[in-house]
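*Asks:* Sequence:
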Amino acid sequence: MLDVQLANAGFYRIAWPNTDEKPGTTYVRAGSREVVRVFVTPCASEVEVYAGGLKNGQLVFRGSPELAASLRYLAEHQN
6 MLDVQLANAG FYRIAWPNTD EKPGTTYVRA GSREVVRVFV TPCASEVEVY
56 AGGLKNGQLV FRGSPELAAS LRYLAEHQN
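Our numbering applies: residue 6 is where the sequence shown begins, and numbers increase by one.
The reader is advised that the hints may include incorrect statements.
Label pairs and their in silico Cβ distance ranges [claimed, not checked]: (1) Ser37 - Glu71: 24 to 32 Å; (2) Val40 - Gln10: 13 to 21 Å; (3) Gly68 - Pro28: 12 to 20 Å; (4) Ser69 - Pro28: 12 to 20 Å; (5) Asn61 - Ala20: 14 to 22 Å; (6) Met6 - Asn61: 23 to 31 Å; (7) Ser69 - Ser37: 28 to 36 Å; (8) Ala12 - Pro47: 12 to 20 Å; (9) Met6 - Phe66: 27 to 35 Å; (10) Glu51 - Val9: 15 to 23 Å.
FYI, nobody ran anything at the bench for these hints, they're computed from the structure. Glycine included, each C-beta is placed from N, C-alpha and C at the ideal position.
Throw the hints in and build the complete structure from the sequences for me.
*Replies:* This is the structure in structure tokens:
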């Protein structure tokens, strides 16, 4: 379900290197000034949101995807 919400918010899944200690799926949305990158754990129990450059973005949120504030940020934030 989270992947559908991310797609509706303009994100697309990318091939991003997985690590043994933290597997998951990465989604990105490019804007005119920055890239928003979302990392989702395999069971979708936690998301991490980064803003800035693709490889050196700054962590701006880590937590449960059920938090309304995080989903609103992903869907409405224009960069």
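*Asks:* If a hint holds in the structure, say so; if it does not, say that too.
*Replies:* Results of checking the hints against the structure:
Checking the proposed 24 to 32 Å range against Ser37 and Glu71 shows it holds: the Cβ atoms sit about 30 Å from each other. Checked against the hint of 13 to 21 Å, the pair Val40 and Gln10 passes, with Cβ atoms roughly 19 Å apart. A hinted range of 12 to 20 Å for the beta carbons of Gly68 and Pro28 is consistent with their spacing of about 18 Å. Distance hint check for Ser69 and Pro28: the Cβ-Cβ separation is about 18 Å, which falls inside the suggested range of 12 to 20 Å.
Checking the proposed 14 to 22 Å range against Asn61 and Ala20 shows it holds: the Cβ atoms sit about 18 Å from each other. Restraint check, Met6 to Asn61: a C-beta distance of roughly 30 Å satisfies the suggested window 23 to 31 Å. Between Ser69 and Ser37, the C-beta spacing of about 30 Å keeps the proposed range 28 to 36 Å intact. A beta carbon spacing of about 18 Å between Ala12 and Pro47 agrees with the range 12 to 20 Å that was offered as a hint.
Hint check: Met6 to Phe66, Cβ distance near 19 Å, so the stated range 27 to 35 Å is violated. Between Glu51 and Val9 the CB atoms are about 18 Å apart, so this pair conforms to the stated range of 15 to 23 Å.
The structure shown violates just one earlier hint, number 9.
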